[in-house]
Amino acid sequence: MSLHLAGALHEWWFLAGSGPGPFQEELMSNTATEPQAAPARVATKRTILMCKPTHYTVSYRINPWMHPEEPTDTSKAVEQWQSLVDVYEQLGFDISYIEPIEGLPDMVYAANGGFVLDGVAYGAKFQYPERQPEGPAYMEWFRSAGLTVAEPEETNEGEGDFLLIGDTIFAGTGFRSDSTSHEELARIYGREVVTLKLINPSFYHLDTAIAVLDPEPDASGRSNIAYLESAFDEPSLVILRERFPDAIIATEEDAAILGLNSYSDGYNVVIASRATTFAEQLREKGYNPIGVDLSELLLGGGGVKCCTLDLHPVGTGTSVAR
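In terms of my numbering, the sequence shown has 194 at position 194, counting the first letter as 1, and numbering is strictly consecutive.
Calculated directly from the structure, the hints in this document are not laboratory data. None of the values given here were measured: they were computed from a predicted structure. Built from N, CA and C at the ideal position, the CB exists for glycine as well. Do not rely on the hints blindly, as some may be mistaken.
[To be verified] Calculated cross-link-like contacts (lysine-lysine; reagent style DSS-like; alpha-carbon spacing at most 30 Å):
#, residue 1, residue 2
1, K285, K197
2, K45, K76
3, K285, K45
[To be verified] Quick list of the computed label-pair ranges, beta carbon to beta carbon:
#, residue 1, residue 2, range
4, G103, S144, 17 to 27 Å
5, P235, E284, 22 to 32 Å
6, E280, T148, 35 to 45 Å
7, E79, A219, 33 to 43 Å
8, A145, R191, 15 to 25 Å
9, R143, D94, 14 to 24 Å
10, A186, P235, 13 to 23 Å
11, A145, I199, 27 to 37 Å
Go ahead and model the full structure; you've got the sequences and the hints to work with.
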């Protein structure tokens, strides 16, 4: 079935890396018998950077997800990562790849490698020594791709903590990125930067607690999100509630498997296959959830979005007929 045919993406649930099962059948049944009235959504072509988990393992502990005493399966991680790549290719994304480096097992989490917008790449400056060599490696790739590189002075972990929503950059702090990096970000891009404070160590990056559902603003000029309330302090929640009154509020259960660590083209939202309630919430809002199994990469504290660095610029998306 061609994904470029009109209607081909409508209510498509793809359990990448696994065959059909009861969950898939249940979702398809619900879709057929309980159609939801929801706003029309438009998919836009995305341009992204990824890194194959050739050297992936969990050999140290820098977040609550990591348990180096437990075995990891690199070949399984590669297989699951490839299933994500396959979905992106089917959706027509432009994908670039950075060469993995031995001794940097977390390099697969490409979103942490920097923040790219308006042709400028703001490099990452990692908090933990284990990941610090990734920053220069990603900056070298950005240069080779013809991007202007802004070398960071402040500690930050790239798109893990910086999310473009509409024309505003929402920036996380509390665990990895210093709030001073938000000031640096504002100087570089000349855009509004809104600070959000994370308070739950299991959601140490902003992209584990917020999913950007509309990479391009809709016809009304608004973009929507999903988020986990318990991940933020009260002042941050006030901001989120005020700016995103129609946001999806994720369940603790879905967030606990990094269900919010997802990637959307404006219609198709690639999420953890076990985030079943989130999938239902997305369909009710007119989005098309696509489930992938990245359970091996979850052992390192990452999911779909962690593996995906958005190479914006904003406003260059191409509508996909459906």
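Report the numbers of all earlier hints that the structure fails to satisfy, in ascending order.
-> none
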